[in-house]
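**Q** Protein chains in written order, with the working numbering: chain E, 231 to 556; chain S, 21 to 201.
Mixed in with the good hints there might be a few duds.
Stated by the list, open to error - Only pairs whose alpha carbons sit at most 30 angstroms apart, straight line, appear in this in silico DSBU-like list of lysine-lysine:
#1 E/339 <-> E/327
#2 E/327 <-> S/145
#3 E/339 <-> S/184
If you're looking for bench data, these hints aren't it; they were derived computationally from the structure.
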Amino acid sequence: MAPSLIRSPVQLSPAEALALSQQAPVVLQSSPSTVSSSALGSLFSAAEKPELWIQYENLIISCLRAGDDRAAQECHDRLAARFGNNDRVKALGGLIKEAQAQNNGELDKILKEYDQMLEENNTNLPIMKRRIALLRSMGRLSDAGSALVQLLDFSPTDSEAWSELSDLYFSQGLYPQAIYAMEEVLILVPNAWNVHARLGELQYMAATASGATGGPYQKQMAEAIKRFSRSIELCDDYLRGYYGLKLVTKRLLKDNAKPAKQTDDEDFSLPDSNTIERLNELATAKLAEIVRHSSAQDRGWRGYDAAEVAAARELLSEDAPSGIER
Amino acid sequence: MADLAARESPPLLSWHSGGAPNLWHRHRKHLQVNSKRHKSIFLHHDVNIQVHHCFWQSFTRARHSALQSFRAATSAALTSTPAAATSLPIDIAIETVVAILVILVGLVLGASPLRPIQWREWAGKIEREGEDGFKDNNGQVNRDYLGNPFEFIEGRPNFVDIRKQRNEFAEWVKGQGNQQK
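Extracted from the complex, chain E is given alone in its bound form (with noise of 0.2 angstroms):
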């Protein structure tokens, strides 16, 4: 079955993305041309529902990522015959015209046209992060990094915004600056589990990444299993949190680390190992069950990433002499 078209599309397999973009006819064929916006010509045409343009923006999505150029078109000319010339319904026309660039040159006339919008507005946020994906695309990364800056200065509760800051940074290994704006998001939604978890992957990435197992190391790790846990605490049965959880303590386990004795900030010192060994036992644990239920299909579990479920299966495969894995 083809994922809902009321959620983004953006991460997608293209299997998922192709069966969205199918639909486009059938969806624009069902739903009227034109709605009007003004009150009188709503009594006559029928009721607007407002998932309808939630729909027709995700299939400018789909639709361009699986070429389907002209459905795409047709979806943003609906949005502008009803909202006008907004800068969102400009932001996905020039999402559409990157995709048709041919070359760097349409595509710096492209990055013109966003520039010459935002001197007449230049808080212009749909269209600023057009320009910053733009940039990003076309390798300019610190453009890219310093425009999301200034963009952060005057939208600083922007979660995407430090999101994609925080990936930026990664992209480029400077894993300090993507914790810290990882954190700023943690901030402004700090009941996301998906984001604390993304969190102690960053910290677990930052701290295997040196591969020296000295002070910062051990703080880093122990930031990991925090990140984790609190991920789990906010979600039952959250396959990347144990996931998560579960490497990082069987790697301090295969250290055999002693706890770094007690520094300055007591907050940050690593659990001592016979706590690590039960966090370990009871991600094992869940994992297991996890993993069990989940490729038998029973009901109620089938909500889990296939690809997810087959490397939680791997890494139990990995301490199978221990007989944990079943």
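Using the hints provided, position chain S relative to the given structure of chain E.
**A** Then chain S, alone, in the frame of chain E:
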């Protein structure tokens, strides 16, 4: 009947000054016997209400006679207190209770499944069951179901690199084509 009632109903002032017609008196008396608490309401309503009076009267009479016979059967005193006058026969009481129970059971069974109210349970349900966990009785996914509401923070739809996604899609299609050959 409305005309009749309108003719019969006196203005409030004349009622208080004692100039009420006979028919109104009888009507009034009957009401006093049967439902004392309606008195004030009727005093403050106008002509249209009188239409209902006629229906009310016949209905009350039937009910009253039923009550009387019931009282006779249970050999209760005819000059009972107002509380006794409003008490219902046991079969009506049972009927009412049974009807309420049936309605309640129907409502409970017909309602869509309850949703978790604890954050971690609700979040766990999204991760574990996905869309399956948020279907109503008709098997339709709830319209307000959006999956993980924080997905967009990692997906970042406004920063989407559409050219990269397009290329990846083209590669995937090629891969599919090669597999089929």
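**Q** Has the given pair, residue 339 of chain E with residue 327 of chain E, been kept, meaning a C-alpha gap of at most 30 angstroms?
**A** holds (10 angstroms)
**Q** Assess, step by step, whether the Cα of residue 327 of chain E is no farther than 30 angstroms from the Cα of residue 145 of chain S, and give holds or violated.
**A** violated (40 angstroms)
**Q** Tell me if the straight-line CA distance from residue 339 of chain E to residue 184 of chain S falls inside 30 angstroms.
**A** holds (19 angstroms)
In summary, the structure is inconsistent with hint 2 from the numbered list given earlier, while agreeing with all the others.
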